[in-house]
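Here is how the chains run, residue by residue.
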Amino acid sequence: MTQNHIFARAAVIAALLLVRSTSADVLPDDRADVFYSKYSGGGMDITGYSATARAKITENFAVEANYFIDKVSGASIDVLSQASQIKDERKQKSGTIEYLRDKTTYTASYTSSVERDYISDTASFSLSQDMFGDLTTVTLGFADTHNTVGENNGTANDPNVAWIGHALTRAYSGGVSQILTKNFIAGVNLQVITDAGYLANPYRSIRYLDPTNPKGYSLGNQVYPDTHTSTAVQVQGKYYLPYRAAVTALYRYYTDTWGVVGNTYELDYTHPIRNRWIFEGRVRYYKQSAASFYSDLFPYADSQNFVARDQNLAALDNTTVGAKVTYAFLPDGWKMFKRGTVTVDVSRIRFNYLDFRNIKYYGVPQYAPGTEPLYNFNANVFQVFVSVYF
Amino acid sequence: MGRAQILLSGMVLGTVLLSSGCSIQPWVKPYERDRLADPIMAWDRDAISAAYLDHIRESREGSRGATGGAGGGCGCN
Amino acid sequence: MLSTKVFLKRCAMAAIVVASTAFAAGGDASGPAPSFTLTTLAGQPSGLSAYKGQVVMVNFWATWCGPCQQEMPLLDQMYKKYKPAGFTLIGVNVDKEAPPVKQLLERKPVSFPVLLDPANQVSKAYHVDEMPSSVIIDRKGQIRYIHRGYKPGDENDYQDRIRQLIRE
Numbered sequence: 001m002t003q004n005h006i007f008a009r010a011a012v013i014a015a016l017l018l019v020r021s022t023s024a025d026v027l028p029d030d031r032a033d034v035f036y037s038k039y040s041g042g043g044m045d046i047t048g049y050s051a052t053a054r055a056k057i058t059e060n061f062a063v064e065a066n067y068f069i070d071k072v073s074g075a076s077i078d079v080l081s082q083a084s085q086i087k088d089e090r091k092q093k094s095g096t097i098e099y100l101r102d103k104t105t106y107t108a109s110y111t112s113s114v115e116r117d118y119i120s121d122t123a124s125f126s127l128s129q130d131m132f133g134d135l136t137t138v139t140l141g142f143a144d145t146h147n148t149v150g151e152n153n154g155t156a157n158d159p160n161v162a163w164i165g166h167a168l169t170r171a172y173s174g175g176v177s178q179i180l181t182k183n184f185i186a187g188v189n190l191q192v193i194t195d196a197g198y199l200a201n202p203y204r205s206i207r208y209l210d211p212t213n214p215k216g217y218s219l220g221n222q223v224y225p226d227t228h229t230s231t232a233v234q235v236q237g238k239y240y241l242p243y244r245a246a247v248t249a250l251y252r253y254y255t256d257t258w259g260v261v262g263n264t265y266e267l268d269y270t271h272p273i274r275n276r277w278i279f280e281g282r283v284r285y286y287k288q289s290a291a292s293f294y295s296d297l298f299p300y301a302d303s304q305n306f307v308a309r310d311q312n313l314a315a316l317d318n319t320t321v322g323a324k325v326t327y328a329f330l331p332d333g334w335k336m337f338k339r340g341t342v343t344v345d346v347s348r349i350r351f352n353y354l355d356f357r358n359i360k361y362y363g364v365p366q367y368a369p370g371t372e373p374l375y376n377f378n379a380n381v382f383q384v385f386v387s388v389y390f
Numbered sequence: 001m002g003r004a005q006i007l008l009s010g011m012v013l014g015t016v017l018l019s020s021g022c023s024i025q026p027w028v029k030p031y032e033r034d035r036l037a038d039p040i041m042a043w044d045r046d047a048i049s050a051a052y053l054d055h056i057r058e059s060r061e062g063s064r065g066a067t068g069g070a071g072g073g074c075g076c077n
Numbered sequence: 001m002l003s004t005k006v007f008l009k010r011c012a013m014a015a016i017v018v019a020s021t022a023f024a025a026g027g028d029a030s031g032p033a034p035s036f037t038l039t040t041l042a043g044q045p046s047g048l049s050a051y052k053g054q055v056v057m058v059n060f061w062a063t064w065c066g067p068c069q070q071e072m073p074l075l076d077q078m079y080k081k082y083k084p085a086g087f088t089l090i091g092v093n094v095d096k097e098a099p100p101v102k103q104l105l106e107r108k109p110v111s112f113p114v115l116l117d118p119a120n121q122v123s124k125a126y127h128v129d130e131m132p133s134s135v136i137i138d139r140k141g142q143i144r145y146i147h148r149g150y151k152p153g154d155e156n157d158y159q160d161r162i163r164q165l166i167r168e
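Residue numbers (the numbering used here), protein chains in the order written: chain U, 1 to 390; chain V, 1 to 77; chain D, 1 to 168.
If you are wondering where the hints come from, they were derived from the structure by calculation, not from laboratory data. We put the beta carbon where it would ideally sit given N, CA and C, even for glycine. Fair warning: there could be bad hints in the mix.
Stated by the list, open to error - Label pairs and their calculated CB-CB ranges:
no. : chain 1 : residue 1 : chain 2 : residue 2 : range
1   : U       : 184       : D       : 105       : 24 to 32 Å
2   : U       : 380       : D       : 156       : 39 to 47 Å
3   : U       : 182       : D       : 45        : 22 to 30 Å
4   : D       : 74        : U       : 263       : 51 to 59 Å
5   : U       : 241       : D       : 45        : 57 to 65 Å
6   : D       : 118       : U       : 181       : 15 to 23 Å
7   : D       : 156       : U       : 321       : 52 to 60 Å
8   : U       : 337       : D       : 80        : 53 to 61 Å
9   : U       : 146       : D       : 153       : 35 to 43 Å
Stated by the list, open to error - No more than 16 Å apart at the CA atoms, straight line, and that leaves these computed lysine to aspartate or glutamate pairs for EDC-like:
no. : chain 1 : residue 1 : chain 2 : residue 2
10  : D       : 151       : U       : 59
11  : D       : 96        : V       : 32
12  : U       : 87        : U       : 158
13  : D       : 124       : V       : 44
14  : U       : 182       : V       : 34
15  : D       : 102       : U       : 89
16  : U       : 71        : U       : 89
17  : D       : 83        : D       : 160
18  : U       : 338       : U       : 89
So that you can see chain U by itself, here it is in the shape it has in the complex:
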């Protein structure tokens, strides 16, 4: 049993956003990265390994390839019936081509993510145009994802996957980045995403009050709408401080047809030391309201057309504090390498659910259903990667 579906969906959308980081004048330097990550929190341990390489075939044409493996282990909070272990692996491959012509960069990419109960394929295209003396960059993008959703009715070590549905996701994005002064760049992004099909996580259940059950509640299946449309707008700015440092601020507003409204606030500070070190600190606060059809405990079976108890749709907030250090072990290059760096990034995230209760207390006599303590947990995220530039 795994909640990797959501990881897969998220990873694919996140992968699309890689294309945004180019400026349309010169293609970025050739580069290769080897990456390791570890997420621990909420009873889950997820290890990630990745390798990426990009190279210019000609001055105007570049390719990039990425391979990512996620390995999940642990017992997730939402495994109710048995406290059985989760163990799963997700493999993702992606390929991107970039073509630069005058002041326009065209990017096309394809990503495929496979795990034993979820398959996701995405094709995306974007173009990025520099204009107005290269002070303004306009980006437009489109991505199409096809997901095949399954449910493992066996165990982690002896799986038995039934394929239960499909989902299609379309993402439309636009962004404008504007240089305001010699020290200041600002940007705004807009992304509209629509999904249709089987959109629920099959491993999560709802619960409803049931006086006939000794526990006081019974479990039931989630029922999700078969469409979902979301709109997100992010504004951000980056300012160069005179002693050579940079401060970034961003705000994102999210709203969707399921009633979730999310606000993200983030502040980053980057401080380099000559050519060798870059130190970075970040603080992020996120708050969302619950989906309209979400409840931790429904009053009775079939009380609504749509019902969900997926914690991602609960009212929640989270706070992240992170630090990143980059050390250039080859600051000026060596033979064919222009530069080599090693980076360590650590974050600590505190998750607070405002209307999702802690499963550990279900059935504990002193807590009647619906009065259990709310759930919260801390997660640690660790990343280390080595990057070489050619």
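For chain U, the structure is supplied; the task is to place chains V and D on it using the hints.
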């Protein structure tokens, strides 16, 4: 969807006006872009790490989208 | 209301059509080349007047500009080749501070003169609107050609122009 269309139209219109012979001249010259060209002024210095953090967040939050940034840099050609 | 797909396709086309003006990498130009006096890394004053009567290429570059770094070795080769025929290349550096320029030139030296323009006076006088920019000036001190940006292969363009002006 109507709101999003209006926002996008606004953005495209704005950039169309800016690029088609407005009397305003670019106020940051190409030779004044030393600070903007500094790697610390890139929106995402390490795309692989930024994508991974986005992935972590999107799997546990109800929000998605609109992250990332483009533009800036040296503006060289 | 248009379907979002159609709407975005139209936005994309509009943006490309209007904003993507044919980018001329180089163009004939005219007018007298503004004279200037700047200092070398060693602190010696020098300027355009020192090369009167020669074909001069003024190349505007910076340590933070990738394409500038790419063309430097090729400019150096070109300088050595045509110098005997009465050609000079002046590298005008626009960095705000000298130490990074010194470091770069120590690692990757060039034989043509490099002058420092930290206050950007010469860049302004020559209306530099792209990095790098190369301005080719004839023996009479008139600007004849401005090349904006650098893509591999542009050095052939430079050489054609220089040969043409040397023959005049």
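Evaluation of the provided hints:
1. Between residue 184 of chain U and residue 105 of chain D the CB atoms are about 31 Å apart, so this pair conforms to the stated range of 24 to 32 Å.
2. Judged by the Cβ atoms, the range 39 to 47 Å given for residue 380 of chain U and residue 156 of chain D is violated: they are separated by roughly 56 Å.
3. Restraint check, residue 182 of chain U to residue 45 of chain D: a C-beta distance of roughly 28 Å satisfies the suggested window 22 to 30 Å.
4. Taking 51 to 59 Å as the suggested C-beta distance range, the pair residue 74 of chain D and residue 263 of chain U conforms, at roughly 52 Å.
5. The hinted window of 57 to 65 Å between residue 241 of chain U and residue 45 of chain D is violated, with their beta carbons roughly 34 Å apart.
6. The given range of 15 to 23 Å is respected by residue 118 of chain D and residue 181 of chain U, whose C-beta atoms sit roughly 19 Å from each other.
7. Taking the beta carbon of each, residue 156 of chain D and residue 321 of chain U are about 55 Å apart, inside 52 to 60 Å as hinted.
8. Under the hint 53 to 61 Å, the C-beta atoms of residue 337 of chain U and residue 80 of chain D, about 28 Å apart, miss the expected range.
9. Here the CB-CB span from residue 146 of chain U to residue 153 of chain D is close to 42 Å, well matched to the stated 35 to 43 Å.
10. Taking the CA atoms of residue 151 of chain D and residue 59 of chain U, the gap is near 7 Å; set against the 16 Å cutoff, the hint holds.
11. Under the criterion of a C-alpha separation no larger than 16 Å, the hint pairing residue 96 of chain D with residue 32 of chain V is consistent with the structure, at around 9 Å.
12. Between residue 87 of chain U and residue 158 of chain U the CA atoms are separated by roughly 11 Å; this keeps the pair inside 16 Å, and the hint holds.
13. With a C-alpha separation of about 32 Å, the suggested pair residue 124 of chain D and residue 44 of chain V falls outside the 16 Å cut-off, and the hint is violated.
14. For a cut-off of 16 Å, the pair hint linking residue 182 of chain U to residue 34 of chain V stands: about 8 Å separates their Cα positions.
15. Pair hint residue 102 of chain D plus residue 89 of chain U does not hold up; C-alpha atoms about 52 Å apart against a cutoff of 16 Å.
16. Distance hint between residue 71 of chain U and residue 89 of chain U is fulfilled; the C-alpha atoms sit about 4 Å from each other, no more than 16 Å.
17. For the suggested pair residue 83 of chain D and residue 160 of chain D, the alpha carbons sit about 15 Å apart, so the restraint of at most 16 Å is met.
18. Note on residue 338 of chain U and residue 89 of chain U: the hinted pairing is violated, with a Cα-Cα distance of about 35 Å set against a maximum of 16 Å.
In this structure, the hints that do not hold are numbers 2, 5, 8, 13, 15, 18, in rising order.
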